[in-house]
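Chemist: Below are the chains, spelled out letter by letter.
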Amino acid sequence: MRAAAAGTALLLAGCGRELSSVNPAGPQAERISDLTWYLTATGTAVFLAVTGFLLYAVWRGRRRAESAAGPAAERTLTRWVAGSVAATVVILLATLVYNFYVGRSLADFAEPGALTVRVTGHQWWWEVQYQDPVYSRRLTTANEIHVPVGRRIRLEVQSADVIHSFWAPNLHGKLDLIPGYGGTTYFRADRPGVYHGRCAEFCGLQHAKMDFLVIADPPERFAAWYDQQLRAAAPPADSVQQKGQQVFLGKGCVMCHTIRGTPANSRVGPDLTHLASRRTLAAGSLPNTRGHLAGWVVDPQKIKPGARMPPNQLASDELHALLGYLQSLK
Amino acid sequence: MLPTAGSMRVLVPLAVALALAGCEREKRSHRDSPPGATASTAVQTTELQAGPKTTDPSVGAYQENRWAVSQGETFYIQYNCAGCHAPGGGGGMGPPLNDDEWIYGSDPENVFDTIVEGRPNGMPSFRGRIDNAQLWMLVAYVRSMSGLTPRDTWSARTDHMKEIRPERQPRPQRQLP
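Chain order of the listed sequences is U and B. Numbering-wise, the numbering used here puts 198 at position 198 of the first sequence, and it's gapless, one number per residue. Count along the second sequence from 1, add 330, and you get the number used in the numbering used here.
Here chain U stands alone, though its shape is the one from the complex (with noise of 0.2 Å):
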């Protein structure tokens, strides 16, 4: 009984967070929906159905169980099992020819022109660049990928290592990510709203933490949103802020991370430039939130063991330097 009422309350836990394949938010994801509720209709049917008839043949059988066994009862069961088989193929050919023609629109929707996203899945992070054909428009950030409602993405993705897998179950299906070999797809997302997505496919100790959001925005939001991340970091507006752009330069964290507009610029770990500006740290694992930033500077290895970021030894007024600094990072 406890058991149920906790599995439950999993469960309900689970709607909290937009990941669902049957709310979509896309043209796809909504015929990958529409496939979904047809099979899970036909197969209850045909389940009742089957049920029905076992339970029926079981009271029928009871009553006349040495029913007369003629020319006549013969003819009757083959037309009954004919009847059975042609059902089931005209079912099962149905099925595939609605499942071929989902497949085939879901992989027809192409459109030069889209806005291109490169995405490439790191052990345990998603970078993410936006590929623009003038050169300096070009932005790269981490875990949150922000889109314009209505307007076509073209997603690539690669691997920086072992094979993740792409699902934001609301926009689209999932899509492979192996080492050396790119993928690519499309999708809209029709109406605004932040969607949760994931790693599909296991990648090793941290796989469970390594989320990402798609952010869709109407397109003047997006507009706003892309140019204030094209802008450089603001250098440090008071001492304390100083100094923590102090620490940052001078302890371990420049050697994997970038922050545009000062000399860090390692591409090993999350670009950092408008860090403040981000949900959530570490791919999802964590609120932004001061307190969280600490803890996952501090000693990232109690939260995500195994992840590439070391401990770090930091004096407290040094870490309270780097934290205000970090969180000026809008």
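If you are wondering where the hints come from, they were derived from the structure by calculation, not from laboratory data. Computed from a predicted structure; not experimentally measured. Possibly wrong hints are sitting among the right ones.
Every beta carbon over 12 Å from chain U, so not counted as near; a handful from chain B, in silico [unchecked claim]:
1. L341
2. A345
3. A347
4. L348
5. A391
6. E394
7. D437
8. A463
9. L465
Straight-line distance between alpha carbons at most 35 Å, and here's what the computed DSBU-like set of lysine-lysine pairs gives [unchecked claim]:
10. U:K251 to U:K330
11. B:K357 to U:K302
12. U:K174 to B:K357
13. U:K302 to U:K209
14. U:K302 to U:K174
15. U:K330 to U:K209
16. U:K174 to U:K209
17. B:K357 to U:K251
18. U:K243 to U:K330
19. U:K330 to U:K174
20. B:K357 to U:K209
21. U:K302 to U:K251
The C-beta atom is built at its ideal place from N, Cα and C for all residues, glycine as well.
Given the coordinates of chain U, assemble chain B onto it according to the supplied hints.
Modeler: What follows is chain B alone, placed relative to chain U:
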């Protein structure tokens, strides 16, 4: 001849012990240098010699661990050691690491100090930039390139789906003129 009960009593625990010993090869630990651990102490580098060795009790665990060597390889690429020493340690702007010539000593502690303190003629100091656990993994990988770590720590395939490189084959000692 069937094994007797007496011999089984010896053989079975022996087999189990042997199998368990294999587990150590890839043992992973993620919090070996918790926040607040002391950084290594300074060593003298004025002369072209190894200088006094740093001491760290955790050194041994990394030098014989297959996972540490593999992690070290990742850091070797990511921290751009390969920029000067070449991927696979063939050398370039910096001296090769996959031969058996060691200017500043080949012990784990010597290699550690070389990375932490830097060395004359171009090797920068990484003091405070890389934490101790990662440093020891780097040391394990660097030493594995010339075959100084146990053979079972070398792998034909890394964890990271990269191509197999012709490394870890100690070259014959060069004759100095």
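Chemist: Give a verdict on every hint.
Modeler: Results of checking the hints against the structure:
1. L341: For B:L341, whose nearest Cβ neighbour in chain U is about 36 Å away, the distance exceeds 12 Å, so it holds.
2. A345: At about 30 Å from chain U, B:A345 clears the 12 Å cut-off, so the statement holds.
3. A347: holds, 28 Å
4. L348: Given a closest Cβ separation of 27 Å, the condition holds.
5. A391: Its Cβ never comes within 12 Å of chain U, the nearest being 16 Å, so this holds.
6. E394: The claim holds: B:E394 sits with its nearest Cβ about 20 Å from chain U, beyond 12 Å.
7. D437: holds, 23 Å
8. A463: violated, 7 Å
9. L465: For B:L465, whose nearest Cβ neighbour in chain U is about 10 Å away, the distance does not exceed 12 Å, so it is violated.
10. U:K251 to U:K330: OK: U:K251 and U:K330 at ~22 Å, within 35 Å.
11. B:K357 to U:K302: holds, 18 Å
12. U:K174 to B:K357: holds, 33 Å
13. U:K302 to U:K209: With Cα atoms ~13 Å apart, U:K302 and U:K209 stay inside 35 Å; holds.
14. U:K302 to U:K174: holds, 30 Å
15. U:K330 to U:K209: holds, 24 Å
16. U:K174 to U:K209: holds, 17 Å
17. B:K357 to U:K251: holds, 29 Å
18. U:K243 to U:K330: This hinted pair holds, its Cα atoms lying about 18 Å apart.
19. U:K330 to U:K174: holds, 31 Å
20. B:K357 to U:K209: The hint holds at about 22 Å.
21. U:K302 to U:K251: Answer holds: U:K302 to U:K251 is near 20 Å, not above 35 Å.
Of the numbered hints given earlier, the model fails hints 8 and 9; all others are met.
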